[in-house]
Structure formats: structure tokens, C-alpha cells
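Student: Chain by chain, the residues:
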Amino acid sequence: MLNSGLVNMSIAELSSLLLKKEVSAVEITGIFLERIERLQPQLNAYITICRQEALDSAKSADRLLTRAYPSNKPLLGIPLALKDQIDTRGILTTNGSLALRDNIPLEDATVVTKLKKAGAIILGKLNMMEFAAAGGENPPFGQPRNPWNTAHSPGGSSTGSGIAVSAGLCTISVGEDSGGSGRIPASFCGVVSIRPSAGIISRYGIHPLSPSLDIASPMGRTVADCAALLQVIAGFDPRDALSSRRPVPAYTAGLREDIKGIRIGVIREFMDDQNLDPEVRVATNNAIRVLKELGACVDEFSIPYITHSMYALGVILWCEGAALSRKWLEPKNSLLQQSTRLGFLAASLLPSKAYLQARQAQALIRAQVLKAFQKFDILVSPTSPKLAPKIEDTLKTSNFPIKEDVLKRHADGHSGFSPLAGCPAISVPCGFSQTGLPIGLQIAGRPFEDIAVLRVAQAYEQSTTWHTRHPNL
Amino acid sequence: MRELTPEEVKALAAAAGIQILEPELPLLTVRLNGMLLLIDPLSTLPLEDAEIVPTLLTQRRD
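Chains as they are written, first to last, in this note's numbering: chain A, 1 to 473; chain B, 1 to 62.
Certain hints may be false.
Capping the alpha-carbon separation at 30 Å, the derived lysine-lysine pairs in DSBU-like fashion look like this [as the list claims (entries may be wrong)]:
#	chain 1	residue 1	chain 2	residue 2
1	B	Lys10	A	Lys353
2	A	Lys332	A	Lys375
3	A	Lys327	B	Lys10
4	A	Lys386	A	Lys292
5	A	Lys292	A	Lys375
6	B	Lys10	A	Lys332
7	A	Lys260	A	Lys371
8	A	Lys117	A	Lys20
9	A	Lys21	A	Lys59
Think of the hints as simulated: they come from the structure by calculation, not from any bench.
None of these values were measured; they are calculated from a predicted model.
Could you put together the complete structure from these sequences and hints?
Tutor: Printed below as a string of C-alpha cells:
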């Protein structure tokens, strides 16, 4: 039972087994490491597997577990993996690029320090889109594949995080989400990911793509696991100038309340989208019905500027990323993939007016979104209007060869408004296509009301069985 | 917005001090014209009414 079941267990289930001494942290870690090595050629979820470091941490966890269970170590013995955008002291951190193929950080990112303190076992560093910006042909660390159908994309840029959590190659993962980079792979891979309110997780030691939008994103197979992970890594950090000083609320405790009477707005523009996949539409409508049955007051609501979110976000991300990546663009230095290099080069040539207009658009979109939150506690939509595309199709458009693709690709995006408005948004599984590809529901809330988002997601998840399905690997 | 030609992109890059490789020029031109396309829809918004403020600071009561 243990070998097959352990890899899909929640934090609470694993902690319970550890506490009862039914399994050791070393045994758990060994099972995950064996599975990672077996599935790595098929899925390419990892860039670096930290076998020895993980086993050493597991031995330390087992020593602690021989005494009373330490209450200050909520992730003791829990195997997790990190997007390779996050600095780990003494462990290769590539940011998904050959340009950083020799980069061994001297210091842990703040989130890593917190995870280690909480007793987590770091299994390794996960594959990702290069510089969290672009996917293209011949990914430098192998082609990542969707565990539900390896011909399909797992989404990105936290590609390996989505794969690893879905495939039982770790229990939880820390990804990063500047414009959907956590929620989209979560949606495509059938797992949960929250982009928290801006400022509540330190960005220190996370390689920046777009400093005004970047934030770490907890990922797990359940909402409760994401909440538990968020609980550990949230909090003020003086080393991050944008870090919030607000006290960290009890995210996990907030999950227990029901959602009767909560006001939920369905974003009309995203449901009326002509490009919305019919199966995604059906799954989303079914999810809305479940939320109503749970006692939520649900109504449609129009946020006209929201359809411009991905245009504004695209310009901001690429301009900020290009400015930060200038040194890697020199031909003599460039080990970047062509699609990343061309994206940053093109953004370097945009007129400053473009960035200014994108930031102005952000202000307008944010104002409309915050106005919607005067009427509603929560906004819902599909996380992505599309199912996970075939990998070969994503490669065809990686350099935007067709003009129509540019506008359509950006108009399709549903994940852009929350970073622009600084509000929390989570993706939870809400169904599967007939071909077996997962579908995600996006639930967004007011800035700093992450608990409300988690609570609605938890209530929905516990009323359905989507989270209990796992890919057959 | 009018599409830029490869020659114009090359001149822009030279003026900005950005070194580009000749074989990259056609794809870079496509990519830059693609990014410029993103600005067109933004121009339809009433941007003159929008004041740019930091996302985070306006939401924090720290």
C-alpha cells in the first residue's frame, strides 16, 4: 500500500504516518527519489535531483521524530521540490537557462530558509521555462511533459512544479507566478496553485522576471496543502522592499468555515469568450452550480477592461524582464534559447511609451477589479480558456510567427488580472475533458483576503472528487 | 501601428546600442511587431485618466 499510496498523500496524511512511526522520513524520501528517477526520462520534471541532501535531511527529521513531534516544524519529513528560479545554497540554480548552468548560490532564498526551518525535505529543483519567460524548441533541460498525456504541454512557467505535484514526484512545490505561471500549469496538470496577494511572500532570492509582479506560488494536490505551505513561507522580510508587514493570518484554520452567503461574481467577459473551449465552459458552469449548492450567492458581472489584462501584462513582463536580462543578450554571452533571447531583444526595442501605456492600463484594470470586489467577495472564471495544448503546437507559435496568434494568445488569458490588481487567485481542478485532460477553476479575492479564496476553493474541492484523481504512471 | 521593416529594426537596435546577429533579424522583426501589436488594444482604453501607482503600496495599510 505504502509505495503506491504515499506519493499521493497529503501533508496531514504523511505527518500522521510519521508521527505514528508507521513510516520513516528516510523511507518516504527513498520512495519519492525512486519514483523521480523512474519517471524523469518520461516527464523531465526535475533539473537537479538532490538525492544526498534529501536523505540527510530525512535522517535529521527521523532523529527529531524519535522525540515528541516538534510543533514548530509543520513540514517535518514532508518531501517538496522547488522551481529552479529559487536560490538554494550550494545547489545548482539555473533559472531554467544554460546561461546559469554553473550558478551555485551562496545563500538560500528566504522561502527556502523558512521551508528548511519547518523541517521540509528538498527533493530537488524543478524544470521551468527559461528565465520564467518563454518556452521554445529544444528546452535546455529536456522537454517537460504533461503527466496526464505526455504529448501535451504541462503549462508554464512553473512547468516542473505542475508536473511533479501531479505525478507524485513531490508532495508540495513552490513555484512562481508573475502572470499565471503557477496557476496555468496547475490547471493543465490537475493540481492546486495559489498566487497570493502581492507582498505576502518574500521575493528575496527568487530570480526576478518582473519585479513589480513576481511572487512565489504554493502548489499542492489539495487546497489544504497549499494553505499549509503558504502558512510556512508567508511573512514580512526586510530584505524584500515590497514585503508586507501585515501579520500572517491563520490560513489553515480559515479553511474550516463554510461559504454560505458568500457573494461570488462570475466574470462575464471570460465566460462569453468565443475562444472558450466548450468542455472548459461546461466544467466551469458545473463548478458554479456546486458553489451555489454550497450556499454561495452567485451572479454574473461585467469587468470590461479585464480583457485587456494580458496585453498590459505582456508588455510589463517583457519590458521588465528585458531590462534585467540585458547582460545575457550580448551575442558573446548568449546561451539563451532563441525564443527567450528574441523576446527580450524585442522588448528592449519597445518605445518607453509602451511600458507607460501598459502601466496606465494596469491602473484602469485594477480599479475595475477592485470595484467589482465592492459587490462581490470572490470572482470566478476558468483558469485557462483552453485545455493543455499539444507540445508540437506550442513550439510552432513560440516565436509568434503569425500576427493573429499574438492578439489571440493574449486575449485568451484569464490569469493576468490578479497580478495587475495585486489580488490573490487560486486554481483548483474542476473537471476533465473527454480526452482526459484536466480543467481548472480560478477563484480570486480581494487583496489580502487570501483566506476567503482558500476557503471557497476548499469548500468546492471537498464537494467534488477531482482532486482524488491521479495520472496513471 | 505600422509594421517595422527589418532595416528599421536594425537601425533601432544600433541606436539603442543593442548588438544583434544578422540571421536573427527576420525573426526579431516578427517578434517586435508582435509586441507592438499588444499596444494597439491598450490604446483603446481611456489611458489619459489613469494615474500610475505602485500595485503594492496602494493596497497596504502598513
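Student: Of the hints stated earlier, which fail here?
Tutor: 2
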